[in-house]
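If you read the sequences in order, they're chains W and X.
The opening position of the first sequence corresponds to residue 1 in the numbering used here, with each subsequent residue numbered one higher.
The opening position of the second sequence corresponds to residue 103 in the numbering used here, with each subsequent residue numbered one higher.
Please note that the accuracy of each hint is not assured.
[Claimed, not checked] Below, a sample of chain X positions facing chain W; criterion: calculated Cβ distance under 7 Å:
{"hint": "1", "residue": "Ala105"}
{"hint": "2", "residue": "Val228"}
{"hint": "3", "residue": "Gly590"}
Just so you know, the hints here were simulated from the structure itself, not pulled from any lab data.
Fair warning: this is a prediction, and the values are worked out from it, not measured in the lab.
All residues carry an ideal CB built from backbone N, CA and C; glycine is no exception.
Single-letter residue listing:
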Amino acid sequence: MTEMQGIIAGAMLTLALGIYIFWPENAPASQSEKSRLDYLLERKEQLYENLRDLTFEYRAGKYPEEDFVAQRSLLENETALLIKEIERVERTRPGRIALRAR
Amino acid sequence: MAAFGSFALLLALALAAYNLFAGTAALRLLASGRPARISADRLADTARRAGIASFVAVTAAAVALAWSALTNDFTITYIAEHSNRALPAPYKFAALWSGQEGSLLLWAWLLGGYGFILRLTHETEVKLYAYAGTILAAVEVFFLAVVNFAAPPFSLLKGAIPDDGNGLNPLLQYPEMVIHPPLLYLGYVGFTIPFAFALGALMMRYPGETWIKVTRRWTLVSWLFLTLGIVVGMHWAYGVLGWGGYWGWDPVENASLMPWLTGTAFLHSVVMQERKGMMKSWNIWLIFATFMLSILGTLLTRGGLVSSVHAFAQSSLGTWFMVFLAIVLAVCVLTYIFKRNHLKSEQRIESLVSRESSFLFNNLVLLTACFVILWGTLFPILSEFVEGSKITVGAPFFDRVAVPIGIFLLFLTGVGPLLPWRAASLQAIRRNFLLPALAVWATVIGGITAGVQPWQDGAFDIGRLYALVAFALAAGVLTAILSEFLRGARVIVRQTSCNLFAAIYLLIRRNTRRYGGYCVHIGVVVAMIGLAGAAFNRSMESELALHDRMGIGPYTLENAGGSQDTNTNYNSESVLLDVYRGGKRVFQVAPERRTYLASDQPQTMAAIHSGPGGDLYVIYEGTDSDTGHPIIKALLNPLVGWIWTGLVFIVFGTLVALTPGLRPIAATVRMPAVRTAPAEAALKGGD
């Protein structure tokens, strides 16, 4: 490839990439803010997972009965409070019916 | 090709710069909420596309360099210096990363490749990805500026064009060297992505821990590549450097180990953040440190600061990387200072005997190891700066410190999974630790009975003591992990009535991350057994005339003659050695010495025979100047194969951990809480 051919190939590459970058996009992805409710729902999922793990490990024989009961109680209380908070946040938001469906 | 390659590199830099500036402007517009002539989302999208386009341009440049190497275009200085006509095609391709300029182009290309995937998957979390993509663009701008202005791979040769090139360094003409640098770079470069996400999440005060889930996968992939790169590099050193070892605590080896250690620490402590919202600042700094250590490794390799078999020639690049490192550190510190309120832990460690504290100890030990290695690596530079003379820290220092740390880490590998979350009662400890403790003591007694004593011929041998402790702990850890699998599988057998193997499969699918992690731990234990086995290596050196014999361990080697060969790339001379065991000829080895024609450099090629009893490693060291007889060095490395086997488990386990697990079925019955107690921790954060 001669120098001139190289420059022509480079110019064509520039043109193609320029078209790709600035090609009009009707609906670019929107950068929406994550809400507190999103956060609480994520946290709820995590607490459920922690509860599932705890139960599984208990069934596998890793926890004595008393330890399991105490830890489950702690996790359930955390989860109950969280669900209560989720419901409070949902009540104060518009369109809550749609959200509850999640 | 040179003109096209240079043009494509310049274009890639311009596009990455557009990504950085347009991306920053879009994020500022969004944060301020001010109306503008172009919508912030549209501007951000052009920035993202410019990032993708930058990768296409840098790919074009990389293809141009590879093509120039394959077509012997010696008008390009880089090709003339690192390739020659007789070089086999795979090594011509590997010439791409055998020199400073080419390897930096590879770095920029891999960075662009990671960015390409990140930008294509931006709809996962648009805003977080926009931040990460913009930060990544800043790093890309730096590397592309380096390859455009400080180490251009397409610079043309001044004067007459040679008929042939200088050829590739003989040390690099080895199959592993075709894959070792790209793997290592995939690891180093990959840590830029978690860094970009972590810094972005902190800058935007990302609510919750989902960014951690996104980052974890990238970190795991980078960690896997770095692990593969390190172990393949060890295998290359073992096969090529001709000393029978695989790790010499060379500064550049150390440079690859440091980000591996902090990355490993992050992969453990991140579990705490996901599950309990703890150690947020710690994790952020682990990611920052891992990225900065990757850059430091590059600085050590390319800045001419240290002497190493891996280092490139001294150049002005050191200043570039030092300035970049200083900017990165300043950005990290300032962002942390201004946003640290966002990183408050939601819970605290309740007991010193718990899974949480085992993670914390594991982190502390890994960081201690990292600090010790950093100190030993930089000590020659620091001593030269302070006292004016370079004091080298050698392998004995690193061995003395790293071996006990490694053994303690092995201990924690076994203890961690056995401890419950929050706190462990005495009853739980007794229940979970009984079997592993029995395995430890059985191995100690069995080991001593079998001759693995810490004393030999009346003298105490610390190496053998460490080996015995490592074997015993390895047995304990393996028992602990296997009992974890069996306990879990039994629960599934009870629930589904399937057989044990199906239950183990379901168990792994149920929690791929945990059980994949256990497989990685098995790999680490197996590799540790291999490392500990170095205490039992033996070596023997002898001059062997025709039909002379030498013995090592169960083997007897007999000189059966020699052979010479020549091809367009090198001349070679080898000694044929018949190997006898129990009086019977069992195989033949042929250690070799090559002289590469293009560079006129000699190279030793060890002959390695791997069997169940270990490796017989034979080196042809040259001929005696008086007698003309070959000098043969033979080593018997009984457990070295375990290191490579450990890697197989590590790769398998990491791939399992990367696989999505089975999703639980959602419960449909709502139950009232039995009682309520303060548990506000769950509600903290997310504002």
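Each hint tested on the structure:
1. The interface hint given for Ala105 of chain X is met, as the beta carbon of that residue sits about 3 Å from the closest beta carbon of chain W, less than 7 Å.
2. Because the smallest distance between the Cβ of Val228 of chain X and any Cβ of chain W comes to about 5 Å, under 7 Å, the interface hint for this residue holds.
3. Because the beta carbon of Gly590 of chain X sits about 5 Å from the nearest beta carbon in chain W, less than 7 Å, this interface hint is met.
Taken one by one, the earlier hints all hold for this structure without exception.
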